Amino acid sequence: MARYMFLLYDAEDWWDTADEQGVVDEMRLHEEFEAAVRDAGASVVGGEALERSSTASTVRRGADGALVTDGPFADTKEALGGFYVIDAPDLDVALRLAKICPAGNVEVRPVLETPDDV
Amino acid sequence: MAEMDEVFREAWPVVVASTARLTGDLDLAEDCAQEAVERALRSWADGAPDNPVGWLTTVARRVALDRLRREATLRRKLPLLVEPAGDDDEPGPTDPLRLVFTCCHPALAVESQVALTLRLVCGVDVAAIAAVLLTGEAGVARRITRAKQKIATARIPFRVPPDDELPARLDAVLTVVHLVHTAGHRGSRTGLRNTELTGRAAALARMLVRLLPAEPEPQALLGLILLTEARGPARTDSAGDLVLLADQDRSRWDRALIGRGLALTTAALRRGPRGRFALQAGVAGLHAMAPSWAETDWAQIVTTYDA
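Quick note, the sequences are listed as chains A and B, same order.
Every letter in the first sequence is one number past the one before it in our numbering, and letter 95, counting from 1, is 456.
Every letter in the second sequence is one number past the one before it in our numbering, and letter 69, counting from 1, is 189.
Okay, chain A solo, but in the shape it has when bound (with noise of 0.2 Å):
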């Protein structure tokens, strides 16, 4: 088993419209695709919804120090939104667990192991 990290990103004008029904809804999504992963033989080992990128800051650390910003790292129209750790057996099971998470755009990258974790 290994461990990837889905890094979520979508547009944001979902905050603009939503209403409790709405997020009542988005909610079941994800508890539907977490039973999905179970169902897959692969399991979530963390993940957390991100509020709104634009009340995110940045630091940068530049040879004069440490400079803070407003807003995320990378501005772009689909910002990310949340994240899962996903122990899955390997790259075709967590691409097929990616498809069907409830996202716009899924980054699958690997966990990086090191020796302790093994």
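What the hints contain is simulated information worked out from the structure, not anything from laboratory work.
Just to be clear, a hint being listed does not mean it is correct.
Said to hold, decoys possible - In silico DSSO-like cross-links for lysine-lysine, where the CA-CA straight-line distance does not exceed 30 Å:
1) A:460 with A:438
2) A:460 with B:270
3) B:270 with A:438
Quantities reported herein were computed from a predicted structural model and do not represent experimental measurements.
With the hints as your guide, set chain B onto chain A.
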């Protein structure tokens, strides 16, 4: 010597794949396959043994085990190829197929798929691959190294995909084979046909036909390749300039190749479902059967294009 090349070409994917299964390491498998070929060149001076593929595989696997033993502590930390549980290490007939599907995994860029397939499945050297991809040797070497690292680190499994994923995954493999074939023809504008590459593409397609006998699309692609090759001699004039299909001297087409291409194409079309290579091969077949440009069965060609 040409015969010997043929032996090595056929053995290469089997040797790399079964050594990779033993060691879990594509890099090491490639090195050891190379080493086995070099040893064969030295010790086969009086002719190849009865089972050259078995000889090369045994030598490559033995070299690999020796190196693993020597570097045991160093290697323990490196990620290895992922294999489904329960598979044993013995060489098997599907090993080359596993290798092809791993090299043509959709999580790799298409250029990387082409480079890896040419290197690991066809045994083409980096300089020749650079010529195919129209890029520099250093770039190709870097691309191949990164792709191998991704296969190990991201755990792209070394296996033939399950039935529900096979059509899409096979299509990716056939796309790579087709690209290799097309690259072999790119030189036709200058009168140079890279028969080395077109031959490799045909050999790859033949291997897929042999190992996936129930699938129509590999047959169709092999048919398309043979039909294209059959017209090769007529494609350029004595000055080396390209001759359009309408103006080609059809007596220079290779009738035997056309016969084999048509048989494969017809079989693939009959079996169905008709994939994109079956339809392309169908069009190529209709052109190959026509006695002249004017007498071509255009109505049927239009039907095929619309399918």
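Hints violated by the structure (listed by number, smallest first): none
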